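Residue numbers (this note's numbering), protein chains in the order written: chain A, 14 to 592; chain B, 533 to 784.
In case anyone wonders, no lab produced these hints; they're calculated from the structure.
These numbers come from a predicted model, not from an experiment.
Certain hints may be false.
[Claimed, not checked] Pairs of lysine-lysine residues, derived as BS3-like cross-links and limited to a Cα-Cα distance of at most 25 Å, are as follows: (1) A/K221 x A/K259; (2) A/K508 x B/K559; (3) A/K125 x B/K672; (4) A/K15 x A/K454; (5) A/K259 x A/K353; (6) A/K508 x B/K568; (7) B/K767 x A/K508; (8) A/K508 x A/K15; (9) A/K353 x B/K557; (10) A/K292 x A/K42; (11) A/K42 x B/K672; (12) B/K557 x B/K568.
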Amino acid sequence: MKIHHHSYDAVIVGAGGAGLRAAIEVAGKCRTAVLTKLYPTRSHTGAAQGGMCAALANVEEDSWEWHTFDTVKGGDYLVDQPAAEVMCREAIDAVIELEHFGLPFNRTPEGKIDQRRFGGHTRNHGEAPVRRACYSADRTGHMILQTLYQQCVQRDVNFFNEFMVLDVQFNEGRVAGVIAYEMATGDLHVFATKAVLFASGGFGKMFKVTSNAHSLTGDGPGLLYRRGIPLEDMEFFQFHPTGIYKLGILLSEAARGEGGILRNVNGERFMERYAPTVKDLAPRDMVSRAILTEIREGRGMGPNADYVELDLTHLPPEQIDAKLPDISEFVRTYMGLEPKTQGIPIQPTAHYAMGGIPTNVDGEVVIDADNTVLPGLYAAGECACVSVHGANRLGTNSLLDIVVFGRRGGRAMAEFVQTVDHPELPDDPAGEVRGRIERIKASTGTERVAEVRTELQDHMMDKASVFRTEESLSAMEDILGDLKERATRVSIDDKSDIFNYDLTEALELEYLVDLAEVLVVSARARVESRGGHFRDDHTLRDDANWMKHTLARRAEDGSVELDYKAVQGDKYLPMERKY
Amino acid sequence: MAPSSPATAAATAVAAVELLTVHLKVKRYDPEHDTKPHWQEFTVERVEPTDRVLDVLHQAKWFQDGTLTFRRSCAHGVCGSDAMVINGENALACQLLVQDVGTNITLEAIRGLPVIKDLVVDMEPFFAQYRSVLPYLITKDEPGYTERYQSSDDRERFDETTKCILCAACTTSCPVYWGNSGYVGPAAIVNAHRFIFDSRDQAAGERLDILNERSGVWRCRTAFNCSNACPRGIKITEAIEEVKRAILYDRI
Chain A
14 MKIHHHSYDA VIVGAGGAGL RAAIEVAGKC RTAVLTKLYP TRSHTGAAQG
64 GMCAALANVE EDSWEWHTFD TVKGGDYLVD QPAAEVMCRE AIDAVIELEH
114 FGLPFNRTPE GKIDQRRFGG HTRNHGEAPV RRACYSADRT GHMILQTLYQ
164 QCVQRDVNFF NEFMVLDVQF NEGRVAGVIA YEMATGDLHV FATKAVLFAS
214 GGFGKMFKVT SNAHSLTGDG PGLLYRRGIP LEDMEFFQFH PTGIYKLGIL
264 LSEAARGEGG ILRNVNGERF MERYAPTVKD LAPRDMVSRA ILTEIREGRG
314 MGPNADYVEL DLTHLPPEQI DAKLPDISEF VRTYMGLEPK TQGIPIQPTA
364 HYAMGGIPTN VDGEVVIDAD NTVLPGLYAA GECACVSVHG ANRLGTNSLL
414 DIVVFGRRGG RAMAEFVQTV DHPELPDDPA GEVRGRIERI KASTGTERVA
464 EVRTELQDHM MDKASVFRTE ESLSAMEDIL GDLKERATRV SIDDKSDIFN
514 YDLTEALELE YLVDLAEVLV VSARARVESR GGHFRDDHTL RDDANWMKHT
564 LARRAEDGSV ELDYKAVQGD KYLPMERKY
Chain B
533 MAPSSPATAA ATAVAAVELL TVHLKVKRYD PEHDTKPHWQ EFTVERVEPT
583 DRVLDVLHQA KWFQDGTLTF RRSCAHGVCG SDAMVINGEN ALACQLLVQD
633 VGTNITLEAI RGLPVIKDLV VDMEPFFAQY RSVLPYLITK DEPGYTERYQ
683 SSDDRERFDE TTKCILCAAC TTSCPVYWGN SGYVGPAAIV NAHRFIFDSR
733 DQAAGERLDI LNERSGVWRC RTAFNCSNAC PRGIKITEAI EEVKRAILYD
783 RI
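Turn these sequences into a full structure, and let the hints guide you.
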């Protein structure tokens, strides 16, 4: 196996919204390599649809303070409030900057950036829905990804496309290097670097029904976890209410922002019972639970009574064409239905990890309950946990998160690398990775990657998704023990060097299984219900005991060790979460 | 109000279906062992008519032959990874369903870019052509503290070409491109169009000069293959014609 050596001031891992925004920030300030296992424009930011919230007040009164309140309440008070304030305040500049970068937002009649309603975003602390989401039809993520990539092309950013990062090396208590596997050749690359920013996205592929891309296997958090970095609040995983039945393909909340309604088998607008004020525009955790409650109680639709419908048939057809063209096409392509005249079968779909690599508001990774910074290590976007989303992310706040914290992380990293020299790399820095790859290629085990992965996805969906109990989670822990062992016995057909996706899927499986275990152990310990984590056996939020972030660390023996840290900020005191 | 018709229609759409057997024929090439490509057939059982071609490919790779190699990511037509020739025409494997293409499915790598392995081609020439047309907003004025205003009509003017996902289905369906890889190709022109007709941009002239060169729009023979191939439904030939007219009449 050939090994190449590079030296950079900084490395960015991932080229979705957060990675690209960070790359723009560091361009011209330090020598940077951007590594992505795809091509930048194929990152899953491109699948985001509905919008990006910022209190521009272009169409009605709004303030970033209201946005902050909504974010904290939406996150069921597990949000670090100073971080949410930073995000909501800087949202305004972030949107303006994207417009200046060329992003083609939809416009108001007077030519300003248009705004629309979105779940959980309200005027004056919950009075009524507010028009806060800046958008570009229902392909806002696509436009952000393309625009940021265009800016990177203009700045001649140095991309290493189809490079899968597999390890980070530390020395003297700080980052010293990154090890990557080049898909096109099978060669390994050692990047000596003073800093690395992870922007590698989520890990929804641990669930059977997900809106996530095949590539979203948690490589960044997974490899850092193996290196002893704790992961924060991993039990909080968002299920988006409106995934296409069985397929999980996302149908934007913008559909409900534009007036779409959820109905059960009786045709009833059931959200009126769960959230009398904002109804279908309640936060995602509440809507997902409401849908599954309807189904559990026998009011689901279809032969198996296992879905509800998203109804757009009362909307003017021209509004659907203008504001929701892409999701309408998805419904036509994958369901053979016409959303202008027919209801759309939907079910909750695994969508977004609130938890991840713990960081502060400058993207610096913090590794303990005292928020001690690990010099040179940064993270931003879905793989990170700032925590601005707490126990449940509001719609549109992820696109905001990637732009605001991609920029802040990039800026902090560019400043940091000016102040330090390159640490020494250990001898044979790629040795461990090479060993892993050779072991998988040489394995004569009887397990297939796809079989182990499918079982993982089925069981996680069944036992650790929207509703959880001690019983389901302890059963899942046992299953994970078995799956972990079986994952060590997978063998692959493809032993070649060039574009060996058989191998990379085996590597990805290791991360998925590890992260599923972290999620389940964290969820089992948290004996309360909060945001996206709902326990049928502990249905209430318990602020006295559980108003704290989980930190999960890999113990010496490979088990998950839990610790906790304080939630920051008390401007907004916890109250019952009613909408 | 309870709309009854949507419920009925949806129930039909998700009713139990007959499972199919799909015969997959893939043009394969292993650069480490083969001197030339060869065809391999796979039989995939228990396929639902609404399964994607990509799902069938995955069944073959995951449970029959892990060496079968193709790119994919989002699996619903927005990332552009899995453009391939499906029964003779360019498309995304995640956007075509088995019921759309039938149970005999032939797959080949897209044409005009060097094949690296099986269905994976070298994308670098394609992205180099994209970069050659200055695919980013260029303005000479400082934008100020708020957004630039743009009318909805001006915004609508280039809406079509903002949809491009750079999958290369158009460029690699173009007979001119097959014969001359020096041609920038439809995708690059689409991305130039996106800025040429954006009222905020101030570098249309530079892009039109680039596309007026021998490698540019005049290579287009309006075969319409690109428009037919586009998984995003972009009227590409029309966009190319608009660029040609802008060059000829110096007007956008």
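Taking the hints in turn, this is what the structure says about them:
{"no.": "1", "hint": "A/K221 x A/K259", "verdict": "holds, 9 Å"}
{"no.": "2", "hint": "A/K508 x B/K559", "verdict": "holds, 20 Å"}
{"no.": "3", "hint": "A/K125 x B/K672", "verdict": "holds, 20 Å"}
{"no.": "4", "hint": "A/K15 x A/K454", "verdict": "holds, 16 Å"}
{"no.": "5", "hint": "A/K259 x A/K353", "verdict": "holds, 21 Å"}
{"no.": "6", "hint": "A/K508 x B/K568", "verdict": "holds, 20 Å"}
{"no.": "7", "hint": "B/K767 x A/K508", "verdict": "violated, 43 Å"}
{"no.": "8", "hint": "A/K508 x A/K15", "verdict": "holds, 15 Å"}
{"no.": "9", "hint": "A/K353 x B/K557", "verdict": "violated, 38 Å"}
{"no.": "10", "hint": "A/K292 x A/K42", "verdict": "violated, 48 Å"}
{"no.": "11", "hint": "A/K42 x B/K672", "verdict": "holds, 23 Å"}
{"no.": "12", "hint": "B/K557 x B/K568", "verdict": "holds, 16 Å"}
When the structure is compared with the earlier hints, violations turn up for hints 7, 9 and 10 and for no others.
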